[in-house]
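*Asks:* As a plain string of letters, each chain reads:
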Amino acid sequence: MKYSVVIITILFILGILAARSIHFPFPVVFLLSWVFGALSAVTLKREKIFPLFLALFIFAVGAVYAGNFQCLSKSHIAIQFPYGIKELCVLEGYSVSQAQPVNNRVVFRLKTEAIEMAGLRRLCSGEVLVLVKGAREIKVGRRLRLTGELVKRNDELVMKVAFPSRVQEIGKTRIFFMQAAAGRIKEDCERIIFEHMPPGAAGIVDAMVLGEKKHVSPLIYRSMMKTGTVHILVVSGFNAGIVAFTVMLLLKVLRVPKTPRILLTVPILIVYCFMTGASAPVVRATVMAVFMLTALLFQREPDIFNALAAAGLGILLFDPNQLFEISFQLSFVSVIALAYIYPRLRSALSLTKIKNGFARMLAEAFMTSFSAWAGTLGLIAYYFKTFSPVTVFANIVIVPIASFITLCGFSLLAINYVFPPWASPVASSCEWAVNLLLYINSVLVRIPGSSFSL
Amino acid sequence: MVSFTPQERQVIMFLAVVVLIGTGINFAVKRFPAAEAVSCSARNLGKIELNEADKDALMSIPGIGEKLALRILSYRAQEGKFIEAGDLKKVKGIGAGKFARIRDMVYVK
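So the sequences go chain by chain: V and S. Using this note's numbering, you'd call the opening residue of the first sequence number 1 and step up by one each time. Using this note's numbering, you'd call the opening residue of the second sequence number 1 and step up by one each time.
With the rest of the complex left out, here is chain S (with noise of 0.2 Å):
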């Protein structure tokens, strides 16, 4: 039989405890409601809501400057708040190109 280390023990242990942390997690998502909500809104982390973006949030998404941010908040004003992501294509200066660019750094509750 191989013997084990102190160190290579503490490897297995925590492979077991990884295994058995991300098992509870996979239950907890499929069970518990509350549990899938707070991992839908995980995915988000990191992004910008177009809904409660001001304007120097919406000025950190690389490729939208002053300008382009407050045409954002002025849709916004007008329009009411925006349904998808996808509704950005309707502000002005905003194409298909430039929102395939920051698609993925924005998203609507």
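Next comes chain V alone, as it looks inside the complex (with noise of 0.2 Å):
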């Protein structure tokens, strides 16, 4: 079957879906799914039964899985103290989250491990967002002692901390080691693109290489919410794909036969998902990029579709709640957008028959941008509530630009490490691109009618 790896995951979707709506039982659903199995078992030489059941029992999976994610255990601090506490506590356990600034608070999530009130400590386990009021540098696993209050706040418990000297170091606990790898490179390139460039472009080059959003100005990121190209400030597939080629071009110039050389480019991309932050967006592109050169490896057709699902697959299997994220969502519609209308929208209108080059080329820039537009909208409108006729244009126009600064920020790293006196020009070009992109940005911002509060 073509779409294999397609059909179980969208069958995992659904018994997801269907374990947060209806609320099932759980012994109920996990006694159906070992039923389903055995019947797939017993059925399995039977072509046309197999798959009936099979499916059954993929979806039964994804229900079980989800319920069993949904269930928290009893040491759980959303199940000790369900509606916060109102008095001061002390909450222990280490950051799982790099610290976002965000107005005028920090913002990070914390894995509890103990708690203290009254003079009384508990042990604890889940997760917490943490707000801590002021600048606070806070980086993945550092063991922490914050003092604050512990408050219900979305149906999240979160944690306030009212000035950042209640943030107490305690030490440092063990993450793996390409996350901890990972944090050492990413500081080192955060200081090559700062050294290099004023804070303001270098502060657009940190967030498209390196997923790192908080130098950027939130005007800009405002104004860009506006013409619907916020998204270039995420690390996508593009970027894997330029870490790819890479390492791989690297490995070719030293020789390196062709196996090995995909063998030691898979954990580069592995620690560079980890340098930017591991969202959703990018475990996406990475997953897709190890799937293609492992079809690479193999020697078989890599298929965009099924890489995709296993992507999704991937993240899903790590945390189900995913599926409601916006993150989640937006990444993988406007990806199959892109994958599904784009070339049936090009075979429509024989784009390939035009035979003036750069008229072709303008015409696949603009259904290519109209595909991830079309594709997103509903998704847009529904959780920002703004409508942005502007967007496909502005793609256009400032998607070229964008593609031209990541390849520079990361010629920018590479060229400081092999010939550091090229790293000044490159800067150069790259804060001149930075430039140039907020100068669009800015007109098309402020076209009249270039978006629409819903």
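Please note that the accuracy of each hint is not assured.
[Stated by the list, open to error] Dumping the calculated EDC-like pairs for lysine to aspartate or glutamate here, alpha-carbon to alpha-carbon at most 16 Å: (1) K214/V with D104/S; (2) K172/V with E92/V; (3) K111/V with E87/V; (4) K160/V with E127/V; (5) K133/V with D155/V; (6) K109/S with E36/S; (7) K213/V with D104/S; (8) K92/S with E66/S; (9) K252/V with E8/S.
Because the hints were derived from the structure by calculation, they are not lab data.
Put the two chains together into one complex; each comes in its own frame, and the hints tell you how they fit.
*Replies:* Structure follows, in structure tokens:
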């Protein structure tokens, strides 16, 4: 079957959706999944019945998996304190995400281990969102002791810390070695970017190359939201492709044979994924790139839909709740739209028959932008309550410049290590491309009717 | 000798072109005042110019609401143009903390 991974993923997703919307008793679904599994095993050699039982089995596995994920352990902080704590408490644990500045606070997630209140200490588990007033640098994997209020907000427990001094670092925790290496490399890369460019432009390059948006001015972010071009600040498959290509090229120059070249590229892609925060779009791009490389290794024709489905399944196995996250939905819907709508528009409008090369390129760029816009239109209107007719045009102009900036950003990092005197001219090109992009965006956002609030 | 695929040749060409463009820009910025002026003004793209901003532009800055935007406008009308971004601290409601948060989003020509 050509789209086997796609079908498995869709059935798994349906199972998650069923578990979320219909509250079946867990033991019943668990038992049913065993029944369907057994029936699949019994009918293994029957061509007609086997697919049906297998489909039911995967659906049930999806429901069981999501059901188990929704069920919290007794030690989970949300079970122990479902409504939060009204007095000051001390929470111990380690940071599982890098702190991001939001207005005058920094926000990160903490994996809890113990809680102290009124002189009593209890062990606990589960994650909470932490809001610390003021500026504070907090890296992934730091053991922390926070003093603040634990409140319930939007069905989630939030630890509010009033002063940065109430965040005590009490050590480090053991994190995955690739994640630790990624943290160190990222710091070094950011240092290079900010050394060679003024803060404004460096912030944009940092976001495009390393997925770190904390240095992007909120004004720029907001104006890009209005023109529908904010996606260029997210690390995508293009970035993963550049990393894979650069590593493969370097290894080729060093005369490393093809198979070890591919095998060496995969862990580097995983490190890059950690460097950029391992958010849903980055994981999707990395899994897809690994899938494509593996297909190359086994000399099989890579299929984009199977690669996309494998990426989706991988993320959902890690956390089924990602299915309901905006970043997951936008990332997958935009790629599905590009892979499904664009080729059909291209052949329906006979774009390949356009003889003039420039006109063909322009028409293809328009159709690519239109496909992504059409695909994500509903989600953007639903979540962000905005409709931007200028998006299609803005993307045609801005995406090529953004691609140039991304390439320049990677070139800057690579050249700084290989031949530092060339870093300055590369940084200058990059800075001017960023300025051009911001200028065009500021012109587009001023066009009357460029965006509407719904 | 390593033989390069067409894509790899494109990469080498891209790097050479980027270095060339950057070198040209660096030279122009050093040699011609106009290029330097463009470079300086480009660094303020995405920021709000305090002497030209209207109420809506000021309100687009996170942390500035309608009241504060009106106070900035009335300060500008009474006291004249802002000489530097730090003058914002003279406006009632903008302390050192608030100014530190919005400093990177405003500039004065």
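*Asks:* Checking each numbered hint in turn, tell me which of them this model violates, lowest number first.
*Replies:* 3 and 5
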